[in-house]
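Add chain B to chain A, keeping to what the hints say.
Now for the letters of each chain:
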Amino acid sequence: MQYTLQFGQVFPYLPYLIGGAWISLQVAFLAFSGGMAIGLLGAMGKTFGGRFTRGAVGAYVSFFTNTPQLVQIYFLFFALPEAGILLSSYEAVLIGMTLNAGAYLTEIQRAGFISVHRSELEAAETMGMSLFQSVWYVIMPHVVKVLFPPLSNLYIIMTLGTSMAAIFGLEELTGRAFNVNAITFRSIEIFSLTAGLYFLVTVAASLTLTLLGRWLFRVKAKVF
Amino acid sequence: MLTRLAEELPQFLGYYNVMLLLKAALITLALSAVGCSLGLMIGFFIAMVRVTRAKLLVPVRAACIAYVEFFRRIPFLVTLMVVFFVYQVVGRNTTVFTVALTAVCLIATSYTAEIVRSGLESVNVKQWEAAETMNLNLLQTLWWVILPQAWKVILPPAFSFFILFIKDTALASQIGVVELTYAGKVLNNKGFSAVLVFGCVLLLYFIISYPLARFGVWMEKNLGVSKTGKR
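So the protein lines, in turn, are chains A and B.
Residue numbers 84 to 307, in this note's numbering, belong to the letters of the first sequence in order.
Residue numbers 1344 to 1574, in this note's numbering, belong to the letters of the second sequence in order.
Pulled out of the complex, with its shape left as it was, chain A reads as follows (with noise of 0.2 Å):
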């Protein structure tokens, strides 16, 4: 038990942290953003797709959300190679936490086309309404204050979910926080602050959302 915290060691490091977080919130917003896009597709295609598109959907969306990110990610990066495709591990972890948050984002956005009426729909058919119209204009608005809770959650679980590009090597929050951890060896201080850090950035994203799902879509949600 012979262990002083010393803090002033690792304070100089501070920036250098704060610069990792805003690469984790980049690499959170770009899979999230691309998730939202594969998730929406993949929703259409399992609440309107024929029998085999609904099939392939759910193989995608079971496969990605029963095993782990994690290794997921290393299949990208070291297997792939093999096959000849070369990713760095920035695309490597962009890739896959933007496959697998695509599955997660499947489920959310097809429960909330659940959620719309089926005489909604016809509505919009009898309107002369294409699909995309109808999914834009009917289901979307209608949509967004049912969904609007579980995805500012899974935006930041996925913000939490970035630490594990560390391990690839990619220097954000967490990889910053081994470097200093190499430079300095005040573990317990690094990780801590680290934690803290993580802390303030997800209550920051948490505020920003809440507030603009009030502004644009009215909808209450609690930051706690």
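These aren't lab readings, by the way, just hints derived from the structure by calculation.
There may be inaccurate statements among the hints.
Here are the simulated SDA-like cross-link-like pairs (lysine to any residue), alpha carbons at most 25 Å apart as the crow flies [unchecked claim]: (1) K1533/B <-> P164/A; (2) K1528/B <-> F161/A; (3) K1528/B <-> Q1354/B; (4) K1366/B <-> F161/A; (5) K1366/B <-> A162/A; (6) K1528/B <-> A166/A; (7) K228/A <-> K1533/B; (8) K1533/B <-> E165/A; (9) K1469/B <-> K1495/B; (10) K1528/B <-> F261/A; (11) K1495/B <-> P232/A; (12) K1528/B <-> L169/A; (13) K1366/B <-> Y1553/B; (14) K1528/B <-> E174/A; (15) K1495/B <-> A194/A; (16) K1528/B <-> I168/A; (17) K228/A <-> E1464/B; (18) K1564/B <-> P233/A; (19) K1528/B <-> S172/A.
For chain B alone, kept in the frame of chain A given last:
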């Protein structure tokens, strides 16, 4: 690439490799199951503290809320690292499994505390008031009145959290716990093709997680307390 896979496959399926993978799969499962069960117990205790109303317990309640909110907002990897290095100071000879288990416990506690709390809150306020009128104390109220109604609400999300965590324990490979992902890395370092090894690991995770997930969905449907009062 395919010929290489075909060449390696018989050797890959040797006794020791298969045993390594199976043992690792068991450790993955144990890490998540034990950690989440312990987490559920402690989480239950925290949720119980949060429904108390005594003035004396205000700091305890505040600590519980702070704990729950904090640990739900830091990544598992970072928790793992903090716990790992704290154990270096506190107890030198702890196994990495214990370290990982503690980290799982810390995270699982905070999440299950929220799940249990929302379960307790799902019971109608009148039931709480009626129990109070009957002069039941907190423990009696929970045991005789609230829990018989709330466990159906608590169990499905708690179970799906456990399944979610089976996948998150893959990160425990980073501190050297020999679970499925670590076994995959070992086999890859032995020279087997990464496609084969990680494909196999992915498949094993799927085999563990998929039936459990189906069971979770089944449970949610069959325990489901419908709000229209059919049950």
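Are any of the numbered hints broken by this structure? If so, which, sorted upward?
7
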